[in-house]
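Asks: Keeping their order, the protein sequence lines are chains B and U. At position 202 of the first sequence the residue is numbered 202 (the UniProt record's numbering), and the sequence of numbers has no breaks. At position 65 of the second sequence the residue is numbered 65 (the UniProt record's numbering), and the sequence of numbers has no breaks.
Treat the hints loosely; a few may be bogus.
Which chain B residues stay away from chain U? Per the calculated CB distances, all over 12 Å, these [claimed, not checked]: (1) Ile-215; (2) Ser-220; (3) Pro-522.
Simulated DEER-style distance windows between Cβ atoms [what the hints assert, rightly or not]: (4) B:Leu-125 - U:Thr-43: 50 to 58 Å; (5) B:Trp-22 - U:Arg-52: 51 to 59 Å; (6) B:Ser-58 - U:Ile-34: 39 to 47 Å; (7) U:His-47 - B:Ile-51: 40 to 48 Å.
These are calculated hints, taken from the structure and not from any lab test. C-beta: ideal position from N, C-alpha, C; glycine also.
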Amino acid sequence: MTLAPDAARSTGASRSVRPRSWLGWAISTDHKRIGLLTMGTAVVLLFLMGILALLMRSQLAQPEQQVFSPDLYNQLFSIHGSGMIYMVMTPFAIGLGVYLVPLQVGAPAIAMPRTTLFGYWLYALGAVLMLTGFAMPTGAHADGWFSYPPMASSVYTPGNGTPLWIVGVFAATVGSLGMGWAVLWTALRKRARGMTMLRLPIFTWSMIASTLMVIGAFPSLLAALTLLAIGRVEPSVFDSNVWNIGYQHLFWFYGHPVVYVMFFPYLGAVGEVLAVFSRRRFFGYKGTVISLLVFAALSMSVWGHHMFATGQATNDYYSLTSIALLVPAGIEYFALVGTVLGGQLVFTTPMLFALAFIPQFLIGGLSGIMVGTPVIDYHVTDSYFVVAHLHYVLFAGSAFGLFAAVYFWWPKVTGFLLDERLGRVHFVLLVIGTNLTFLPMFWLGQFGMPRRVATYPEWAGFGALNLVSSIGAAFLAAGMIAFAMNIQVSFRRRPKAPADPWQGHSLEWATASPPPRYNFTPHLPLPPITSNAPLLDARTRQGQGRA
Amino acid sequence: MEQRRIFEQVFTTESAIAAFVFLVVLCALAYSLIRRRARAGATPSPHAERQRLETVYVVVLVGIAAFLVVYTASANDREHPGGESHAAGRGVEAAHPVTVDVTAFQWCWKFSHPAPGPSRAGEATTTANCRDGRLPTLVVPTGRTVRLKITSQDVIHSLWVPALRYKMDAFPDHTNSFTLKIDKEGKWIGRCAEFCGNRHHSMDFWLKAVSPDEYEEWVQQHQGAAPTPEAST
Ligand code: HEM
Ligand SMILES: [Cu+2]
Ligand SMILES: [Cu+2]
Chain B
1 MTLAPDAARS TGASRSVRPR SWLGWAISTD HKRIGLLTMG TAVVLLFLMG ILALLMRSQL
61 AQPEQQVFSP DLYNQLFSIH GSGMIYMVMT PFAIGLGVYL VPLQVGAPAI AMPRTTLFGY
121 WLYALGAVLM LTGFAMPTGA HADGWFSYPP MASSVYTPGN GTPLWIVGVF AATVGSLGMG
181 WAVLWTALRK RARGMTMLRL PIFTWSMIAS TLMVIGAFPS LLAALTLLAI GRVEPSVFDS
241 NVWNIGYQHL FWFYGHPVVY VMFFPYLGAV GEVLAVFSRR RFFGYKGTVI SLLVFAALSM
301 SVWGHHMFAT GQATNDYYSL TSIALLVPAG IEYFALVGTV LGGQLVFTTP MLFALAFIPQ
361 FLIGGLSGIM VGTPVIDYHV TDSYFVVAHL HYVLFAGSAF GLFAAVYFWW PKVTGFLLDE
421 RLGRVHFVLL VIGTNLTFLP MFWLGQFGMP RRVATYPEWA GFGALNLVSS IGAAFLAAGM
481 IAFAMNIQVS FRRRPKAPAD PWQGHSLEWA TASPPPRYNF TPHLPLPPIT SNAPLLDART
541 RQGQGRA
Chain U
1 MEQRRIFEQV FTTESAIAAF VFLVVLCALA YSLIRRRARA GATPSPHAER QRLETVYVVV
61 LVGIAAFLVV YTASANDREH PGGESHAAGR GVEAAHPVTV DVTAFQWCWK FSHPAPGPSR
121 AGEATTTANC RDGRLPTLVV PTGRTVRLKI TSQDVIHSLW VPALRYKMDA FPDHTNSFTL
181 KIDKEGKWIG RCAEFCGNRH HSMDFWLKAV SPDEYEEWVQ QHQGAAPTPE AST
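Generate coordinates for the entire structure from the input sequences, incorporating the hints supplied.
Replies: This is the structure:
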């Protein structure tokens with residue numbers, strides 16, 4: 001039995017914090033608790049930001065509606081978009097890494113646990129600050145998730161909403177940076193004996209690539225926010241075009257890589273789910289690892305494709321690097337589809353979400369090549385085409401990966417099972433809702449509907465498609481209610497989950513559900529680490545032994 | 001309508017490629033869902049890798065990417081023969097375009113047609129306030145190259161004519177320009193595409209193309225006159 005050296009410490013069960021004390025949660029340096037706090041906070045905010053989206057869809061269902069004033073509508077889309085990106089999809093992705101990476105590499109704890117805990121609290125504080133804007137007399141931040149100056153300067157957007165947004169996003173981003181460092185360091189330095197880099201599970205690899213981008217790109221957002229803060233104190237800064245366009249460069253140098261931070265971990269989760277429920281080893285492991293790293297490196301060179309219409313970017317260059325991304329993306333799809341093609345499929349709820357991820361994310365990716373093409377982008381940028389594109393990537397793709405991850409790891413994390421029937425209801429409603437809501441938006445954009453409009457005139461002829469989209473949103477709301485019920489039922493009935501309910505592949509399934517304080521103990525030892533799927537190897541050996 | 005032609009061409013090509021890729025993936029998934037079900041008695045493949053196949057596949061991907069890069073860059077260069085921040089329109093006459101200065105502001109547009117010659121005395125200007133359907137009209141002659149010089153008085157806006165399939169941002173302290181050539185008379189809606197505050201959603205204008213003669217007449221009529229908030233729908 002290989003045992004991580006410091007795993008021996010974990011025998012002292014008395015060292016674990018009392019389970020029922022809230023303080024034990026708030027200040028625990030157990031990576032599992034911090035990970036759960038992060039993911040729990042993100043899921044609560046996912047519901048909240050979803051409600052903001054439903055409010056927007058109610059206003060847009062018909063032309064010339066005034067359920068909300070334009071000013072309030074602007075706050076809704078700004079906080080919805082900022083919340084979903086800074087406070088939901090990014091932190092959840094990193095939180096999943098905080099929880100899983102130490103387990104998957106066979107470590108008893110995360111590297112830098114205090115930094116991780118501090119990171120969580122910065123993130124929570126940031127989310128609260130951003131939302132506090134709604135309590136201000138002038139309302140919350142209303143300039144969108146990228147807040148271009150001079151619009152976001154104190155001249156054109158006075159009030160406290162934007163300063164709160166700046167401080168909140170800054171805090172959350174510093175928090176994500178801290179947590180990202182800890183995850184990366186854990187994967188690189190805390191691996192158990194025998195866990196070579198090429199035996200890391202695909203999810204852990206996706207976290208390595210993501211956290212590399214976090215470290216490379218997030219500081220640029222901090223710089224952009226600092227510039228914005230300076231400009232709010234001294235608005236004449238933004239009289240000069242240099243700083244206006246400079247802000248856009250700083251922002252998108254962060255803004256594009258973050259899209260992949262909100263994609264890779266979910267892709268990694270989907271990869272694990274597909275392999276486990278195809279009852280086989282993840283197909284094309286090495287190619288995927290290389291492609292993740294190439295993808296991460298390339299992602300730092302494409303930011304200008306968000307600025308094709310500014311007349312101030314080198315469009316052919318940014319288009320080249322953007323289109324080149326289809327190579328690593330194509331390799332990842334080869335692996336996902338290949339895994340399924342040679343599998344023996346079992347249709348559990350996490351598998352359903354993972355399967356739907358494949359074609360739905362693909363729509364986001366293919367439309368991404370289009371918006372990466374300047375002569376197409378001039379027309380569709382800042383229109384509903386982009387809203388459709390980004391929701392196919394982030395919702396139809398990443399959020400489906402998020403749900404696959406929740407259903408897959410829930411039994412491990414809580415020790416209880418989720419209900420499969422409610423899970424399927426959630427899934428079906430979400431597939432219908434997602435495509436009804438977001439598919440029509442491609443045509444709305446084509447036909448000339450700009451994004452970020454509080455309403456649209458009757459004569460524009462956008463009414464029918466918008467109505468379809470809003471009806472889709474109702475399906476999404478129903479699906480999310482089924483999800484909430486599922487969680488509630490699981491907590492109430494507490495159906496006991498075994499250590500390995502799914503015949504998993506990676507090390508987290510070798511320990512108890514939920515895992516003990518230091519993950520592996522002499523009673524729950526690390527199995528021999530023979531590949532990226534050690535438990536699958538063990539089962540194969542056993543099968544051969546019996547034969 | 002060079003922009004529109006190029007857009008339609010490239011958009012159609014890329015949509016066709018996208019549809020093809022989507023169908024291939026969908027077929028692979030459909031096959032797996034039916035034939036690889038555990039209940040259908042499938043056995044999992046022992047292969048963890050198919051390196052030969054993957055190498056060939058990567059070469060194909062690189063080929064597709066290279067094709068798309070060259071194809072789309074050449075389309076972009078055709079659209080902007082004089083470099084990125086201007087152009088579209090060729091020939092001798094492109095050197096003497098009709099120029100219109102576009103100024104965006106919160107929340108409407110001003111269009112100035114400078115008269116030929118150094119002084120701005122003969123300038124014809126139109127504007128409006130974009131309230132209750134009072135939209136300004138950008139009048140241009142058909143068949144001639146028109147250069148729009150776009151700037152802003154306050155925040156960033158973006159001039160978008162969906163029928164042209166083209167937009168360009170209006171920045172304060174900076175002027176962008178692009179040229180267009182419209183071959184038939186008509187009237188199209190234009191809008192602001194960059195979020196600019198509370199009335200961003202109604203910051204629309206009309207683009208109207210008239211015959212060159214009519215255009216001359218229109219300019220003379222509006223010369224020197226104070227900018228009139230023009231009512232039109
Ligand atoms: C993971 C889930 C989601 C993410 C990450 C996300 C992200 C975003 C982002 C980044 C924006 C742009 C905000 C801006 O322009 O500054 C946005 C806008 C919007 N989203 Fe979402 N969203 C999600 C879910 C949803 C859902 C479920 C709906 C519909 C029910 C929805 C409806 C909208 C609408 C209507 C807009 C406003 C478009 C506009 O006015 O331009 N979103 N979202
Ligand atoms: Cu505007
Ligand atoms: Cu605008």
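Asks: If a hint holds in the structure, say so; if it doesn't, say that too.
Replies: These are the hints, each one checked on the structure:
no.: 1; hint: Ile-215; result: 27 Å, holds
no.: 2; hint: Ser-220; result: 20 Å, holds
no.: 3; hint: Pro-522; result: 32 Å, holds
no.: 4; hint: B:Leu-125 - U:Thr-43: 50 to 58 Å; result: 52 Å, holds
no.: 5; hint: B:Trp-22 - U:Arg-52: 51 to 59 Å; result: 57 Å, holds
no.: 6; hint: B:Ser-58 - U:Ile-34: 39 to 47 Å; result: 40 Å, holds
no.: 7; hint: U:His-47 - B:Ile-51: 40 to 48 Å; result: 46 Å, holds
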